[in-house]
Every structure is written in C-alpha cells, then in structure tokens.
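Assemble the whole structure, with the sequences as input and the hints as a guide.
These protein sequence lines are chains A and B, in that order.
Under numbering that gives the first Met the number 0, the first sequence is numbered contiguously, ending at residue 493.
Under numbering that gives the first Met the number 0, the second sequence is numbered contiguously, ending at residue 493.
These aren't lab readings, by the way, just hints derived from the structure by calculation.
Some clues are possibly wrong.
Which copy? The list can't say, so a pair holds if one copy fits it or any two copies do.
Distance condition first, Cα-Cα at most 25 angstroms in a straight line; then the derived DMTMM-like pairs of lysine to aspartate or glutamate [to be verified]: (1) Lys36 with Glu337; (2) Lys339 with Glu35; (3) Lys97 with Glu371; (4) Lys191 with Asp131; (5) Lys339 with Asp142; (6) Lys461 with Asp131; (7) Lys96 with Glu379; (8) Lys339 with Asp131; (9) Lys97 with Asp391; (10) Lys191 with Asp123; (11) Lys472 with Asp306; (12) Lys354 with Asp131; (13) Lys155 with Asp214; (14) Lys34 with Glu337; (15) Lys339 with Glu93; (16) Lys354 with Asp80; (17) Lys96 with Asp381; (18) Lys354 with Glu488; (19) Lys97 with Glu337; (20) Lys256 with Asp306; (21) Lys420 with Glu291.
As the structure is a prediction and not an experimental result, all values here were calculated from the model.
Single-letter residue listing:
2 protein chains.
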Amino acid sequence: MFESAEIGHAIDKETFRQQLPALREALLDVQYDLKEKADFPVLILIHGFDGAGRGETMNLINEWLDPRLIRTVAFSSPNEDARSRPWMWRYWRELPKKGRIGMFFGSYYSAPLFDRVYDRIDHDAYDREIFDIMRFERMISQDGALILKFWFHLTKDKQRKRLKELEKNPDTRWRVTADDKDNMERYDTIRKYGEHMIRLTNTAYAPWIVVDGEDANFRSLTVGRTILQAIRNRLEQGNQHVDANEAPPLLAPIDNKLILDTLELDQKMDKSEYKEKLAKLQGRLNRLTRDERFKDCSLVLAFEGNDAAGKGGTIRRITQALDARTYRVVPVAAPTLEEKAQPWLWRFWRQVPPKGGITIFDRTWYGRVLVERVEGFAQERDWMRAYYEINDFEHQLSENGAVVLKFWLAISNEEQMARFKLREETGFKRFKITEEDWRNREKWDAYKLAVSDMVDRTSTSKVPWTLVEANNKYYARIKVLSTICDALEARLGA
Amino acid sequence: MFESAEIGHAIDKETFRQQLPALREALLDVQYDLKEKADFPVLILIHGFDGAGRGETMNLINEWLDPRLIRTVAFSSPNEDARSRPWMWRYWRELPKKGRIGMFFGSYYSAPLFDRVYDRIDHDAYDREIFDIMRFERMISQDGALILKFWFHLTKDKQRKRLKELEKNPDTRWRVTADDKDNMERYDTIRKYGEHMIRLTNTAYAPWIVVDGEDANFRSLTVGRTILQAIRNRLEQGNQHVDANEAPPLLAPIDNKLILDTLELDQKMDKSEYKEKLAKLQGRLNRLTRDERFKDCSLVLAFEGNDAAGKGGTIRRITQALDARTYRVVPVAAPTLEEKAQPWLWRFWRQVPPKGGITIFDRTWYGRVLVERVEGFAQERDWMRAYYEINDFEHQLSENGAVVLKFWLAISNEEQMARFKLREETGFKRFKITEEDWRNREKWDAYKLAVSDMVDRTSTSKVPWTLVEANNKYYARIKVLSTICDALEARLGA
Numbered sequence: 000m001f002e003s004a005e006i007g008h009a010i011d012k013e014t015f016r017q018q019l020p021a022l023r024e025a026l027l028d029v030q031y032d033l034k035e036k037a038d039f040p041v042l043i044l045i046h047g048f049d050g051a052g053r054g055e056t057m058n059l060i061n062e063w064l065d066p067r068l069i070r071t072v073a074f075s076s077p078n079e080d081a082r083s084r085p086w087m088w089r090y091w092r093e094l095p096k097k098g099r100i101g102m103f104f105g106s107y108y109s110a111p112l113f114d115r116v117y118d119r120i121d122h123d124a125y126d127r128e129i130f131d132i133m134r135f136e137r138m139i140s141q142d143g144a145l146i147l148k149f150w151f152h153l154t155k156d157k158q159r160k161r162l163k164e165l166e167k168n169p170d171t172r173w174r175v176t177a178d179d180k181d182n183m184e185r186y187d188t189i190r191k192y193g194e195h196m197i198r199l200t201n202t203a204y205a206p207w208i209v210v211d212g213e214d215a216n217f218r219s220l221t222v223g224r225t226i227l228q229a230i231r232n233r234l235e236q237g238n239q240h241v242d243a244n245e246a247p248p249l250l251a252p253i254d255n256k257l258i259l260d261t262l263e264l265d266q267k268m269d270k271s272e273y274k275e276k277l278a279k280l281q282g283r284l285n286r287l288t289r290d291e292r293f294k295d296c297s298l299v300l301a302f303e304g305n306d307a308a309g310k311g312g313t314i315r316r317i318t319q320a321l322d323a324r325t326y327r328v329v330p331v332a333a334p335t336l337e338e339k340a341q342p343w344l345w346r347f348w349r350q351v352p353p354k355g356g357i358t359i360f361d362r363t364w365y366g367r368v369l370v371e372r373v374e375g376f377a378q379e380r381d382w383m384r385a386y387y388e389i390n391d392f393e394h395q396l397s398e399n400g401a402v403v404l405k406f407w408l409a410i411s412n413e414e415q416m417a418r419f420k421l422r423e424e425t426g427f428k429r430f431k432i433t434e435e436d437w438r439n440r441e442k443w444d445a446y447k448l449a450v451s452d453m454v455d456r457t458s459t460s461k462v463p464w465t466l467v468e469a470n471n472k473y474y475a476r477i478k479v480l481s482t483i484c485d486a487l488e489a490r491l492g493a
Numbered sequence: 000m001f002e003s004a005e006i007g008h009a010i011d012k013e014t015f016r017q018q019l020p021a022l023r024e025a026l027l028d029v030q031y032d033l034k035e036k037a038d039f040p041v042l043i044l045i046h047g048f049d050g051a052g053r054g055e056t057m058n059l060i061n062e063w064l065d066p067r068l069i070r071t072v073a074f075s076s077p078n079e080d081a082r083s084r085p086w087m088w089r090y091w092r093e094l095p096k097k098g099r100i101g102m103f104f105g106s107y108y109s110a111p112l113f114d115r116v117y118d119r120i121d122h123d124a125y126d127r128e129i130f131d132i133m134r135f136e137r138m139i140s141q142d143g144a145l146i147l148k149f150w151f152h153l154t155k156d157k158q159r160k161r162l163k164e165l166e167k168n169p170d171t172r173w174r175v176t177a178d179d180k181d182n183m184e185r186y187d188t189i190r191k192y193g194e195h196m197i198r199l200t201n202t203a204y205a206p207w208i209v210v211d212g213e214d215a216n217f218r219s220l221t222v223g224r225t226i227l228q229a230i231r232n233r234l235e236q237g238n239q240h241v242d243a244n245e246a247p248p249l250l251a252p253i254d255n256k257l258i259l260d261t262l263e264l265d266q267k268m269d270k271s272e273y274k275e276k277l278a279k280l281q282g283r284l285n286r287l288t289r290d291e292r293f294k295d296c297s298l299v300l301a302f303e304g305n306d307a308a309g310k311g312g313t314i315r316r317i318t319q320a321l322d323a324r325t326y327r328v329v330p331v332a333a334p335t336l337e338e339k340a341q342p343w344l345w346r347f348w349r350q351v352p353p354k355g356g357i358t359i360f361d362r363t364w365y366g367r368v369l370v371e372r373v374e375g376f377a378q379e380r381d382w383m384r385a386y387y388e389i390n391d392f393e394h395q396l397s398e399n400g401a402v403v404l405k406f407w408l409a410i411s412n413e414e415q416m417a418r419f420k421l422r423e424e425t426g427f428k429r430f431k432i433t434e435e436d437w438r439n440r441e442k443w444d445a446y447k448l449a450v451s452d453m454v455d456r457t458s459t460s461k462v463p464w465t466l467v468e469a470n471n472k473y474y475a476r477i478k479v480l481s482t483i484c485d486a487l488e489a490r491l492g493a
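Put into structure tokens, the structure is as follows:
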C-alpha cells in the first residue's frame, strides 16, 4: 500500500513556486462555490506517521483557504462527556455542515488504530470498530458528505532521521513528545495495522490518499490538488454521492514517478556464485517445507512478470527442492467455459492448498488488473473493484495460516527484445514466443502503469509484493528463493 | 424483525390449490429463461428455526422446479479438506454456475450463528465473520449472482408444539434429533443472534426474507412467489446487479395481514386500578433510576404513535417519577436550518444521554420512515436506507450500555376522531389540534403500512418496539411504565 510513497517523490522549489499561486486561487474559488452552491460538506481526515508533515499540511491548508469556512478539530483522548457515550458520538458532534470544510486531526481512525498498536484491543475488536467506521462513512456519504482521507507516509529510516533533526534543534525540540518516541519504536506495528485499516476502508465514497511525506513541496501540492479536484468533481456531478460499489480512483503521482522506474534491473551474479547459492537455498527450502511446523501452515506463491522474464525457470528451481506430493504448479491461462460461469475468483479459490500444501501459480488472479485491464477484457468498474477483492482473498488465505508471496519479475525493454529474438532462433524454445508477445510489447507503458497501481493497492505487510530485478536470471532466481526461505523461516520461527 | 412473522399468517387450502398451478408454471418458465438468456446464477439460502418448514420448503422447490437445473447443497460440519482451508472455501466450491439455481441449506451463516449461540466464539469474532460474509456477498453479487436469503420463523411456543407433535408420531420421531432439542433450549439465544446477523446483512444485493413458518400453504406460496418475482425482476433489468446503497425491497405479506391489525386497541382499566398501579410503578421507576448500578447505563425512551394517542400524558407520568437533574424531554419537530445542514441523524446524536442520564423523545428519528415517507418529504432511497441507519444508531446506544425502549401508541380511527372533537371543544386544548392533524387522518392506511414496515425492520430483541393499545389512556400509561420498569430491572439485575 505504501510502496509508491517510499520511492522518494520530490517537486523542486521553482516548480512549486510557479504552480502555487494558481492552485491557491483555484482552491479559494472552489471553497466559495462550495459555500454558495453546494449542498454537501467536505470532511478531510489527516493521518499517518509522526514527522510526515501532518501538522504542517493542516496549517498550510488553513493558510491557503478562507479560514472562516474551514474548521479544524484535533481529537485527543476522550473527555468525561465523550467516554460516557458511544465512541462515535464526539465525531458526530464535530461534523462540518453543508457548504463547509471540516478537517479532523486524529479522527475516528486514531482510537482503534492506536488501541490495536498498544494491544489494548485484539484483532477481532479492531475489525469490529473498522466495520463501525465503514457504516458511519457510508451513512454520511449517502447524506452527501465528500470524504477525503490522507495518510502521510515516511519510511522507518526517514522518520527516525526527521525526529532526530527536530530534536537536535532547540527551537523544534518541543515538537518531539514522549508519545512520538513510543510511536517510533512501534513503527512496524503502526504500519501493519494502518495498512490493514486502509485496505478495508479504502472505498469510492471515502478514499484514502497515501502521500509521500518526505518532500514538503510534493506533499503540499499533492494535498492541495487532490482537495481541489475532488471538490470540483463533486460540484460538477451535481451533489451526487458515489455508488458504494465503485472503487476509489487511481491517482497518478504529480511528479509521474512510478515504482517500476526505481528498480535497478541489471544486477550482477555469475554462474559459480549462483550455483553455490542455489544449492544452499534449495536445501534450506527443502528442510523448511519438511519441518513439522509447516504442517500447520501452507505456502502460496504467485508469479507475474514481463513476458520472457524467467517465471518458468524460476519456478523449476523451486520445485526441484520440493517433495512432489506437497506441491502443485497451476499455470493460469484464459478462463475455461466452466470457469467463466462462476465469479472470477472462483477458479483461484479452487486451488487453495490445504495445510501443509504448496501451490505455485504461474500467472495469477492479477491478470484481472493487468492483462484484463490493459486489453480491455474487463470493464473498468470490474477490474477496479478487483483490488479490494484480491486483498480480501489473500487476507483470508493469510488469516488461515498461508504464507502468501507474490513476485513480479521485471526485465527491461531491451532485455526482453533480446530474449524474444533468442527464442525465435532457438528451435526448442520457439513455441514460447507468439504474435501476442510481440503485440504486448507495444503496450509496455500501459503495463508499467498497471503494475504500479497493482503494487500500490495490493502489497501489504502480510502479503507483500516482491519486485525482482530479472535482467540477470541467476540473480532473480536467488532473490526469489531467498525471499521464500526467509518468509518461511520467519513464520515457522525456525 | 420477526414481529410480522409471529401474527399468524395463513392461506386456506382452496386459495392455495387455485394459485398453485399458475405459480408452478411461471416458475418453470422463469427457470428456462434463466438457463437460456441469463448471465447470472441464483443463490438461495435456507435458514431459520427447526420445525419451521425449512426442509419441506426445499423439497417443494425441488419438486416445483426442473431438478436438472437446480442443485441443493446441505452443509454440515466441515470435513478435513475444508477445515484445512479458509472457512469460506467450501462455500465458494459449491456456488451455482450462471443460468442455474443453487440452494444452500445451512450456508455460511450457520457456522458463525451456532458458534455464537453455543459460545464457541465471542461477540467481536461473530461480527467479524459477519463482515466476511458481507464482503463475500457483495463480491459475488457484483459478479452477477442473485442472492435470496430465507429465514423461516416460528415463535418459541409454536416450535415447542411442532417438535412435540413430530415426536409423538412414531413415523416422524426420527426427524427430531438431539441437536434439535439442544437448539430448542436455546430458542431465545438463536433468535437474538439470528436477528443481529439479519440486521447487519439485510442488503439490497442479498436481502433477507422472513417467512412465517407455521402455515405450510402461506409459507410455500410466499417462497415460490418471492423467488419468481426476484428472478423475473432481474431478467427484466438485463442482468444488472443492485447498487449496494439501495435498501432491500419491502415485501407485503401475501395475505395482506399487518401487525397493527392484530392489536386489541380497547383494553380495560378503571381509574382506581390505574391510580393504585401508577403510584406503585412510579415508585419503582424512581428507585430504579436512583440505583447505584444505573450510573453505568442510561435510558433512552422513544415515543411515537397516532396523533392524539396520548404520548404527552404518558411522558408526564414518567417524568413525575424522575429526578429533574437526570432527564431531558426532547420534543421533535421539523428540523431547523442548522439541523438540515447536517446528516439527518445528527440532531438525535446530539441528544444521546451520558451514563446515568435519561432522554425521552416525544416523536423521534422514526419520523424519517413515517411522516417523511408518507408525505414524500424524503426520497424513497433515503428513507429506505434509514432502517439500516436507525438500527445502527440504536445498536451503538445499546452497545454503550443504554436501555433503549420504543413505544408506538396506537388508537383506533374512531377513538382518534372522538379525541379530536373533544380537543376542539375544550378551550385550553384547542392549540393541540391543527389542520394538519385532520389531513393526516386521510392517510390513515399509508401510516399503518409505514408503521408495520418500521416494526418489521427495526424491532430487535435488544432494542424492541412495544406496541401499546391506547384507546384506554390508563391502560396505555400503565403498560408503558411497567415495560420501562421491567426492562430496567432486567438490565440492573435488580
């Protein structure tokens, strides 16, 4: 969920200065339109990591907009009045009225999230409060509210650095509280539970916008533009609330930097290093899958990647290490007639391994948001909702004890061309290259965007995507195998 | 939720015989249309109480329809294969394919319900699995599935009687299992948790249909017609799935018998009996609200009723017994401008009492589904979704420790006329009668239907409606006061 917010987005000072006046003017215009014409309120929620610029952004929005038409409420611990009533009561009281913007800092998401992070509530109670929130947001959205939820993000290292900087400076030291330090210690936990919450509540009527919080210019412009665009859209739609079945919109980063652009596809590994590592990893994998404790879990491996990126070869290096009775390789092609007569995820549900079992998917359910999206085989509303459905599916597997790992094998355009040519020249590999493969190359950029969106929407700490730099096959295979071994080891506590 | 299924619906043999042939033919027609033209499957779930005719109805449907195009799956305890996978896995496997009807007996609702009833899972885990189900139903509905969920209902007494009859007869004794007896002992618990589940999962895309299971003819015709109508509607709509924001349709009982028709409005109580009882009840109420344990809960009383049914007088008899510092009476009229600028429930959320407090609403949030519905002040989609929103609101109050009681004061048309005339003749009461009151009388039947739907959709064991026969004011006041005292006593364990 946070991948694209961790690749280092930035907007230079000059660009920022150029764009700011027009943005501010447009924001003021839209704010007056809201007041004059609109029959709906705007609710903006501010969340994310300490040090990621939440407070600064709130101040900025208040500065950019007419403060008389915006109201900011910071929630901390509930007082006696609030504790004595249902937990949502105090948020109801502070809702912005129609034609106005309300900004919640530490909204109804904070209490459940931090109660979970500090173990004051368990998993079930957490989901239950999230469910309360979903019904609440659906209700006020149906009543007209436009809801925007921002998550300001920072990586662990960057958070640590940021807080240290603040502490070093006597003028800003006061900003770093004891709570901030406690939270920093729990970065991974906050990330995990925050992600869980975002996954479940990222709806069309109340979308989450994850913003890279590192660069102030990027952060501020992103927030300003997002608010502007969302209110404009609603004003144009004539106050219609969104169908709950629609998925939230995909937002391209304002600096157009995509996660696949950040990969160093050329990695080094020679054959002898590869052979040595391969033997060790295969042995490790074999031992892990024969471990007594593995009988209580299962392994699901999902392989996607550019054509000719080496999925098949990688999968063979895995199965060589496995007992044939425990695994199944499922090659995924276009659905059969029988499969088409069922909900689209049905054919994957059928292949869920039992405890102690391993299923390896050569191409996967992600076809829905890759080939079906790019080729137009699925309607937009269908592949859009698939992100939610896929997360739900994988979450159920993971809840049931499966270790689920997803690999995107990435090669460069040039490398692919070279491999295609080699395949055409090599008799026994010629069957592997088809007209379709050549056609797909023409859609290289569309696929790149689809992959970025896919990673952003479906990579979670429990079921992460591993992006594999695969121009060097040896390197790719070793990275996949060690990722699998590490994940299994972590699960088995081995 | 079950009120209207407990008033004794019946269809006589002759009517049944007359209607059956046409219904069966229509069902077969629609089944072939489904096969030939439809791109969606039909999933029918069968739930409810033992002895309420679930098995009989399933057999009947199989008899009426072409058995080659329908598939019935009865789920019992999961086998090893299923236990070794996510809990929804076995239901995914058995989904009907497009163009077919699948019937689930003991579907994915049974496991969570009975796990909760037998205390194998707690409240939070129960809600969590319900949440799993909602996402599942939304998913397959978006993929096209038409989902119909039947709850076959029986009152406790009737269930007991039915099972005894079956046991007495040597030919049917085998039908009554040890499980049935265990379940009978837990009737109230099943009713409570079943209701909770129905409340949360009664959606437009997967509606619950509660069927009075007592009379076989009524039951069978209701099910047959409901299935017929639902498939026909979908075929006509051209395979469009329903917007998740829409509420499930209101279905009038096929014998047109409404719950308000079953009240004996003329009850007897003379002044001296009234005075004696009143004094006792007021004393009891006073003691209960001063009880130390009351500080951990609160009391919300909601009054609705026909015009001139005596709400004001009843409320005064309550407040006479209360400490003025603990209660607030909130008269509800049309919303103010400030209130109109907020989500419609906002003005009621504001009035939620703190712990130890009492709020008495003279008219309530039910205006949304009564006057706003009947007079057309709210759009249908808005008052329809209000049932869900109201349940959610009251559930949050109740979860927080509030005792929430709702009273409908019912008088007859004639009694109302008499009271209106008396008011016109009595100087100091003349302000209480307006043109609008006379106009409302013309909509008597529309209100009666609205009240029935309201009770069916919002009366739950935790937050029940009490229908008060109010032609005799004395009787009505005593019934209200003793209902309040009983409920408080039960809550305080006094």
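Tested hints:
1. Lys36 with Glu337: between (52 angstroms within a copy, 17 angstroms between copies)
2. Lys339 with Glu35: between (50 angstroms within a copy, 16 angstroms between copies)
3. Lys97 with Glu371: between (40 angstroms within a copy, 21 angstroms between copies)
4. Lys191 with Asp131: Close inside one copy (20 angstroms) and across copies (20 angstroms); limit 25 angstroms.
5. Lys339 with Asp142: Answer is between; shortest inter-copy Cα gap is 11 angstroms, intra-copy 38 angstroms.
6. Lys461 with Asp131: both (23 angstroms within a copy, 18 angstroms between copies)
7. Lys96 with Glu379: Between copies only: 23 angstroms across, 34 angstroms inside.
8. Lys339 with Asp131: between (35 angstroms within a copy, 24 angstroms between copies)
9. Lys97 with Asp391: between (34 angstroms within a copy, 23 angstroms between copies)
10. Lys191 with Asp123: both (15 angstroms within a copy, 20 angstroms between copies)
11. Lys472 with Asp306: Within one copy only: 13 angstroms inside a chain, 81 angstroms across chains, cut-off 25 angstroms.
12. Lys354 with Asp131: between (33 angstroms within a copy, 21 angstroms between copies)
13. Lys155 with Asp214: Only inside one copy: Lys155 and Asp214 sit 15 angstroms apart there, 66 angstroms across copies, limit 25 angstroms.
14. Lys34 with Glu337: Between. Shortest inter-copy distance 14 angstroms satisfies the 25 angstroms Cα cut-off; intra-copy 54 angstroms does not.
15. Lys339 with Glu93: between (48 angstroms within a copy, 15 angstroms between copies)
16. Lys354 with Asp80: This pair counts as between: shortest inter-copy Cα distance 9 angstroms, intra-copy 49 angstroms.
17. Lys96 with Asp381: Cα proximity of Lys96 and Asp381: across copies only (19 angstroms, versus 34 angstroms in one copy).
18. Lys354 with Glu488: within (17 angstroms within a copy, 50 angstroms between copies)
19. Lys97 with Glu337: So Lys97 and Glu337 pass the 25 angstroms test across copies only (9 angstroms; inside, 50 angstroms).
20. Lys256 with Asp306: within (23 angstroms within a copy, 66 angstroms between copies)
21. Lys420 with Glu291: neither (46 angstroms within a copy, 85 angstroms between copies)
In this structure, only the earlier hint numbered 21 is contradicted, and the remaining ones agree with it.
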